[in-house]
Amino acid sequence: MNLWTHLRYSFRRRRLARDLAEEMRLHREMLEEQFASEGTPPAEARFAAQRRFGSAMAAVDQSRDQWSFAWFDSLLRDLQFAWRLLIRQPMFTVAATLTVAFGVGANTAIVSVLETALLNPLGLRHADNVMVARVRIEKLQMRHAQTSGVEFREIQSMTDVFSAAAAMEGRAWTLQSGGEATRLVGQAVTPDFFRVFGEYPAVGRFFTPEDDNSVVLSDSLWRTQFGADPSVVGRVMMPDDRPYHIVGVAPAAFRFPAQAQAWTPLRLDPKRLLDSQRGNNMNLGLFARLHDGVAPAQAVDRVGRHVAAINSTRGRSSKLDYDIELDPFGRYIAGDLRRPLLLLWSAALLVLFTGCANVAGLLLARTASRRKEIAIRISVGATHSQIVRQLLLESLLLGALGGAAGIAVAKFAISLLKHLVIPGGSMLEFVSLNERLVAYGFGLALLSGLLFGLAPAVQLLRQSQSSDLVRSRRKWFQDIFVTAEVAGAFVLIVMTFLLLRSLWAVERIQPGFDPHHVTTAYFIKPKNDPGFLDRLQTALHANPALQSASLVNPVPFGGGGFTSGFIIKNRERRPGEPLRHGEMYQVSPDYFSTLRIPLLRGRTLAESDTASSPLVCVIDSRLADRFFPGQDPIGQEIGMYKGSARIVGVVAAIRGTTLEEGSRPTVYYSLAQVPFFQSAAIAVRSTAPAASAIREVVRRTNAAVPVYDVKTLERRMGESLGIRRVLAALLTTFGAISLLLAILGLYGVIAQVVSERTPEIGIRMALGARPSQILSQFMRQGLRSGFLGLGLGFLAVIYAKRWISGMLYQVQASDPATLSLASVGILSMLLIAVWWPARRASRIDPQHALRHD
Amino acid sequence: MPTNTNPELLPGTLEMLILKTLTRGPNHGYGIAQHITRVSQDALRIGEGSLYPALQRLLMNSWVAAEWGISETNRKARFYKITPAGRKQLAQEVRDFDFQLAAIARVMQGA
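Protein sequence lines correspond, in order, to chains A and B.
Under our numbering, the first residue of the first sequence carries the number 3, and numbering increases by one thereafter.
Under our numbering, the first residue of the second sequence carries the number 1262, and numbering increases by one thereafter.
Simulated from the structure, these hints should not be mistaken for laboratory data.
By construction, the Cβ of each residue, glycine as well, lies at the ideal position given by its N, Cα and C atoms.
Just so you know, nobody snuck in bad clues.
Taking lysine to aspartate or glutamate and the EDC-like style, the derived pairs with C-alpha atoms no more than 16 Å apart in a straight line are: (1) B:K1337 / A:E25; (2) A:K529 / A:D242; (3) B:K1337 / A:E31; (4) B:K1337 / A:D21; (5) B:K1337 / A:E24; (6) B:K1337 / A:E35.
Partner residues aside, some chain A positions facing chain B, computed with beta carbon under 10 Å: (7) Y11; (8) L18; (9) L22; (10) E24; (11) E25; (12) L28; (13) R30; (14) M32; (15) L33; (16) Q36.
With the rest of the complex left out, here is chain A (with noise of 0.2 Å):
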C-alpha cells in the first residue's frame, strides 16, 4: 500500500469510522431480521445477532490501526510539543532563527549569482550544451583569443559530438530615426547561430543560408524601434544608410551578446576557411551545441586530438603552442566572477557552520538543562528513540523557522546585489529567486536543523547514566564546536585582512593621470564629414562649461584596446630585448593636457601633424626605457599600425587597462594622421557633470552622430576595482558576524559551566581557594579551545593559500603581519568572552553559593 493512501485513510479516520459503525449497525439488523424470519423471538434475535457479530468495538479498532499511521500521530503531536517549547524561550528561538537566516540567505543570495553567472548565464534557457571554442598561444600569452574561420570549419566538421556551430562577428551601425541618431550593436552570425543556443523566433523566421541583406530583431529593438508591431516583418530597416529586410524578431529571453540589438548573416569568404588562414582574421565567436548525451569532456577530448593532430603535421604551430580551448557557456560568461563569486560561497558556507556550532552549543546547553524533564518522561515510558526524535524534530523546526526567515534575507540582499557596480554587472539583471534557489536555501537550512540537533540527539543515546561522564561528553562536544568557530572565524578574519589590504594597495596606485572631473564618451565618426573632428574640437573649446577638451582612441580603462607589435627603423633586436610588442592610442594634440600626462622630453602632438605632414608619435616612458635605454628615442623611427613615424617626445608611462597591472610600452599617434578606426571618443575636464554638454555639441556639430557610453573616468576605473570592492564588502561582513558568532559561543559555554559548578565553586572558596585561581582555572579551560581553533585555522589559511592568492595585490597568502594581528585580534577578544564569565566565578560568594541548590 503506498504512503498516500495510507496518509489519506489517516486524514480521514474519522469519517471512515462513521461510516463503519454505520455499516455494522446495518449489517446486525440485517441479522436480527433473518433470525427473526427463521422464527426467533425478537429479543433473542437481537441476542444471538450481537453475539454472531462478535465485538464491534473491536472491529473498529482494528480498522482503525489499519487506517492511521501510528508515528504519524506522534509526530504531529511532538511537532505540537516542539513547537511550544520554542514559543516559551522567545529569546532563544530568536536567536537560532536569525543565525539560520543569516546564513542561509547569504548562502542563498551568493548560489543565485553563481547560478545565473555559471549555468543560466544571461538567463539564456537553452545554453546548457552550449561550449565556447577560443584559441590559446601560450608563447604569444594569448589567452581566450577569439578565433579564425578555420577553427569554425573545423568546428562545424565534428558532427559526432557537435549538432550545430555557429560564428558571429561584432558588428556596429548608426541608425538614424526621427532626427536622433543612435549607434546600433549587434553581430553578424552564420545560419545555425539561433540553433545553437536552442532559440525559436518570436516573430518571423531566423536566417537561411540564402539570406544576405536581411536582419533579426532583438526584443527590444523590436520594441523601441517598431512599437512591438507583429507585422514588422519584411519592411526595411536602414543601418548605416543601408537597407535590410528584417526577417524575424528573437525572442525576449535570447540576450545574446547581451547588448546586441540586432543580428545579421555573417557570409564568411571562402578564403577565410582555407588552412593557410589559421591564425589571420581571429575576430570570429565561435560557439558549439553539444548532441544530446555528449558530455562536455568528451569533446574536449575530441578537440583536443584534433589540435594534436594539427600540431604534429604542422611543425611551426607545436612550436607555439597552438591550442583551442573549448569551455562551457556559463565559465565563458562567468569569466573573472568564478573565482570571487566561488570564494563567497565558501565563506558563506563557513559562516552558516559556525552558526550551526553556535546554535548547536546553545541546544546542547538546554538539552543538559532539560534532564529533569527528560528523565520523567522517560519514567513514565518513553523509549530513546522517541526522546531523540524529539530533540530532532525541535532542532529541524528551528531550521525550517530559519529557512523561512533565510529566503526572505536572500531576497532583500539579491535586490542589493543588484546595484553592484562590477565588469559584467549588467549580468546581475537577470539574478532572481526562482524556485530551485528557494528549494537549496530550505534544505540547506533543514540540514543544518540536523546538524545542530544531532549533536544533543547522540550526546543523549550516549547517556550511560552517569551523569558526570555525561557532563564531560559534553563538554568535550562543546569544546569542539567553539574550536571549529574559532578557526572559522580565523580564517574568515585572514581573507578580510589580505582581501583589505590588496584593496588598499590597489586604490593607493596612481593610473599615471588625472581622472577627477573627466568625463568620456564615444562617438562614431561620419563617414561623408570630412571636416568634423575639427569642427568637434572647435565647439568642444568654445563650450565654457568645460575646462579642457581633447580626443582619443580608445579611453583608458574603457574595456577594450590596440595592441600590436612594432618595428624599430635600422635596430636588430639585441638578444635578451623583450618582445616589440604595445598599446596604441590616437589622440587630439590637448589630450595629454585634459588628462594632466606630464611630458618628460620633447614636444607633445600639435595641432601641425596632420594627414598631409610626416607621420610622427609620442612614446611614453616604459617604452622609453625598455627600448631605448640610457638613449635619446626622440627622433628615432618606429613603425606600428602606419609606415614609420618619428617620434617627437616622451610622456610619462599610465596604466591604461587595471590599476593591478603595471604599465605597457605605449605608442600615442595623432588622430589626425592615424584616421582609419570607426569610432573615438571625447573626453574632458569639467568640475560640473558634463554628459549633456557632450552630447549636446555633438549633436549641434553632426546631428547624424550618435554619442554612447558616456562615463566619467572614475566609474570606469571604479568598475575595473569593483570585485575588489564587492569581495572585500562581503568578506568584512562574514568575518565579523562569524568572530561574533565565536566569542558567543566561547563565552556560553564557559558562563555554563560556571553557573553549573557555583556551588562546587562554593565548596572550594569556603575551604580557601583563592579567587586568582578559580579565575585562572576558568581561563585555562576557555583559552584552550580558542588556541586549538587558531592552530587549525592556521593549517586552513595555509592548505587554501595557493586559492586565494590569485585574488590578492602586493600581499603573500601567509603574510606574517597579517597572520598575527588576525591572531593577536582573535585571542584578545576570546580573552574577553572568557575573563567575563571566569570573573564571575571567582566572585562567587561561598556563603551564598552553598545555598543555591
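Starting from the known structure of chain A, fit chain B onto it as the hints suggest.
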C-alpha cells in the same frame, strides 16, 4: 500488515473468498457473509468481527471500492465492488492457494 482472518481459515484466505464473492457482482457485507456461508454449505462461517477489518484492508489496497446504496430489501447498505487491481490480486491468490493446497495434499498423502 498482518493478515488477520478467521482462525479456522488459512491465513489470507478470507480476503480471497471476499474477492471471489465480489466477482459475481457488487455486494454488501451482510450479503458477502451470507454468500460464503451458503455456498460452503455452512462449512465456513464468517465472523463479522473479522469480515469488516478484512474489507478495510481490501479497501486500503484499492482491491475493492465501496459506495453507499440501497439493498434488495430497500435498506441502506454499503456496497463493495471488485476493482481491476482486485481481480489481478484474486488470480494471484488463487494460484498461490492452489499451490499451497497441492503441497499440503502431497504431504498428507505421503504420511
